[in-house]
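A.B. asks: The chain contents come next:
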Amino acid sequence: MMAALICVFSVAAFVQFFFSYCRSMIAFSASVALSDNVREFAGMRVRSVAADDFDRFLQLLRLCPDLDADKKEIRAVGAYYSTVNFLSRAFRKAVPNVAAWAERERQNCSYFAAVVLDRRIAQSRDLCLQEVSASL
Amino acid sequence: MTGFFDYGLPLVGFLLQLSVVFCAVYRKEFLRYLPLNIYMLISASVGCGLYVCMQRFGVTSQEYFYAYYTADLLLCVAMYSVVIHLYRHTLGDTNVERYIRGGAFLLLALTCLFSYLAVRHSEGKLTARFASELEQNLNFVGVVLTYMLWGAIMKRRETRTRLVQLVLAVGIYFSAIAATYAVRGLFPQMEGSNLWLWAPPVIGLWVPAASCYAFLSVQNEARLTMSHMAVPAQVSAQVSAQ
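From first to last, the protein sequence lines are chains A and B.
Position 12 (the first sequence) corresponds to 12 in the working numbering; numbering is contiguous.
Numbering-wise, the working numbering comes out as the position in the second sequence, counting from 1, plus 136.
Bound-form chain A, shown alone (with noise of 0.2 Å):
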């Protein structure tokens, strides 16, 4: 009795701090604005991100040059893309409120992808200026 106890509080905890964990990587692009140059390389017609362009934006920065410094956060934001798109489709019947948050989970991290692939375009530029004016 006493371990499922613990065991049912301290999954319930791990659930928690996992998505509060995940949400502090992907909280700091909220506050950053996407350039023109991402939304004319990604071919966004609207201003707003969708939920669904978050595999759309990987691709894309495969495209760039890789970056040490993001390749952890992207890979952890990606767990954290399939766990909500999982449990979106798990639960979406069943607790419509999960669908809802979902939602804006998977959109945030859209947008975290984005403000990636704006940086990695802004520093791909600046190694190009680099190269031409170190030619010249």
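Worth flagging that the hints you see were computed from the coordinates, not collected in a lab.
A few of these clues could be false.
[Said to hold, decoys possible] Calculated pairs, DSS-like style, for lysine-lysine (alpha carbon to alpha carbon, straight line, at most 30 Å): (1) K72(A) - K261(B); (2) K291(B) - K164(B); (3) K164(B) - K71(A).
Computed from a predicted model, the values in this text were never measured in an experiment.
With chain A fixed as given, assemble chain B onto it according to the hints.
C.D. replies: Chain B in isolation, oriented as in the chain A frame:
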């Protein structure tokens, strides 16, 4: 695969623990997070000590058995002190601050007493049983304390990103390890399986890995917006209930 778990896993842990200390020094945060750094140094030393013990006496020896349980308990107490230090960081500017250390000692003493009462009638290897019981109880106390700390952080709208990430990392560690021990208690017939044997060391890699990330990727002055952090209680309750 056994080779990796026997030698690779402790080596990865050792390197991560030293990396945390190195990153903390590099970021000039060694003293601010002193208990965390001491925990990492103790973990690294314990890892070396256990390796020497295993090589000298063998993994099935009495010496290794006692060394393993003593070291595990020492690390658990060190992690407990990390949580208390995080409390002092978070509540440092309140009236509660002066009661934190006393309260922590009292809670530790009560947990020791409770653990002793639980194992005092056991036969043979009483020290190891006590160490194991105390460790499990301290892990659960750690989950409760970290959960309360997280509540305090949310209530006080703490915005220091690194502090928030370290608290959450410790919370993930304590809740994962407490859940593992609880599941082990629920299914004693699976005691000898590889999953139970290697789950705690794998979970043990989490705190050094997350601390490394917090020191390397998060700037000293980085701040969070707390409105982005709260997970609706209804959502987590529904998910964990399923």
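A.B. asks: Take the hints in turn and mark each one as holding or not.
C.D. replies: Do the hints match the structure? See the list:
1. K72(A) - K261(B): The given pair, whose Cα atoms are some 44 Å apart, is violated under the 30 Å limit.
2. K291(B) - K164(B): Holds, because 29 Å separates the two Cα atoms, which is no more than 30 Å.
3. K164(B) - K71(A): Holds. K164(B) to K71(A) sits at ~24 Å (cutoff 30 Å).
In this structure, the one hint that does not hold is number 1.
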